[in-house]
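J.: Protein chains in written order, with the numbering used here: chain Z, 5 to 117; chain G, 471 to 585.
Source of the hints: derived by calculation from the structure; they are not laboratory data.
Note that the structure is predicted; figures quoted are calculated from it, not measured.
We put the CB at the ideal spot given by N, CA and C, even for glycine.
Hints may contain errors.
What the hints assert, rightly or not - Only part of the chain Z face toward chain G is listed, based on derived beta-carbon distances under 10 angstroms: (1) Tyr35; (2) Gln41; (3) Gly46; (4) Tyr52; (5) Gly57; (6) Asp60; (7) Asp77.
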Amino acid sequence: NAGVTQTPKFQVLKTGQSMTLQCAQDMNHEYMSWYRQDPGMGLRLIHYSVGAGITDQGEVPNGYNVSRSTTEDFPLRLLSAAPSQTSVYFCASSYSLGRGEQYFGPGTRLTVT
Amino acid sequence: DQQVKQNSPSLSVQEGRISILNCDYTNSMFDYFLWYKKYPAEGPTFLISISSIKDKNEDGRFTVFLNKSAKHLSLHIVPSQPGDSAVYFCAASDRRGGATNKLIFGTGTLLAVQP
Chain Z
5 NAGVTQTPKF
15 QVLKTGQSMT
25 LQCAQDMNHE
35 YMSWYRQDPG
45 MGLRLIHYSV
55 GAGITDQGEV
65 PNGYNVSRST
75 TEDFPLRLLS
85 AAPSQTSVYF
95 CASSYSLGRG
105 EQYFGPGTRL
115 TVT
Chain G
471 DQQVKQNSPS
481 LSVQEGRISI
491 LNCDYTNSMF
501 DYFLWYKKYP
511 AEGPTFLISI
521 SSIKDKNEDG
531 RFTVFLNKSA
541 KHLSLHIVPS
551 QPGDSAVYFC
561 AASDRRGGAT
571 NKLIFGTGTL
581 LAVQP
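Full structure from sequences and hints, please.
T.: Okay, here's the thing in C-alpha cells:
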C-alpha cells in the first residue's frame, strides 16, 4: 500500500492563478479530508468527504473547491490563488466513520506570490 | 476561538526522563481525543487516542490521561528518546450526532529530547 499520496510536493503560484492539489489513497477509506497548516495555527480543516459524491465544508473553506467522484481520489482546487493561501496542505483519510484516527499524506507546500 | 489549546509551544527534556505534553479544550461535546506526532517535511502520524469514557490509555512508552472535569488531557512519554523529538499535536472530535470524523487540532508543541 502506498497509503495517502499527494502531488505536487511543492508549488509556486502567482496571485489569481488556479491549480489543483491531488490526493489519492489506496486503503479503500470512506473518509477523506484536507487541512492546511500555518505557523502558530495548527492544522485547520478545509473540506471533507464521507464518501464518493458527498463533500462538506470544514473550518476554512473559502477559496477552495473539492469533489469526490471516486473512493480513491479527493482533489482540492484553488480557484483564484491569493497570498493568504500560502501554506502547507495535508490530505488525510480514515477507514470508517466514527473513528478519528486519520492517515495523513506527506503534504504540499504552496507559495502564492 | 481556539477550541483545543496547547499552551506550551516547546518543551526540552533529557533522554531517559519523562516528557509531559499538555492540552486543554473548551468544547464539552468532544468525546474522542488523539495525539499526532509530526516530523519536519512529513505528514502527521497517529500516536494514541482516548475515548471520553476512559481516563487513561497506554501504548508502550506513551500514555494519555484525560481529565474531563478539567477539560484537560496530557501525553506522557517514558522514557523519552532522541527519536521522539518532533511536533506533537493534540486533536479532538465530537462523534455524536453524526459520524463525520472532523478533527479540531491544537497548535502543537515542539518536543526536543536532548541526548
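J.: Each of the hints needs a verdict: does it hold here or not?
T.: Hints versus structure:
Here the hint on tyrosine 35 of chain Z is kept, as its CB sits about 5 angstroms from the closest CB of chain G, short of 10 angstroms. Annotation: interface hint on glutamine 41 of chain Z holds; nearest CB of chain G at approximately 9 angstroms, less than 10 angstroms. Interface hint status for glycine 46 of chain Z: upheld, as the beta-carbon distance to the closest one in chain G is roughly 4 angstroms, under 10 angstroms. Contact between tyrosine 52 of chain Z and chain G, as hinted, is supported at the beta carbon level, the nearest pair being about 6 angstroms apart and thus within 10 angstroms.
Residue-level restraint check for glycine 57 of chain Z is violated (minimum Cβ-Cβ distance to chain G is 16 angstroms; threshold 10 angstroms). About 8 angstroms separates the beta-carbon of aspartate 60 of chain Z from the nearest beta-carbon of chain G, less than 10 angstroms, and the hint is met. Taking 10 angstroms as the C-beta contact cut-off toward chain G, the hint placing aspartate 77 of chain Z at the interface is violated, the least distance being around 17 angstroms.
In this structure, the earlier hints numbered 5 and 7 are contradicted, and the remaining ones agree with it.
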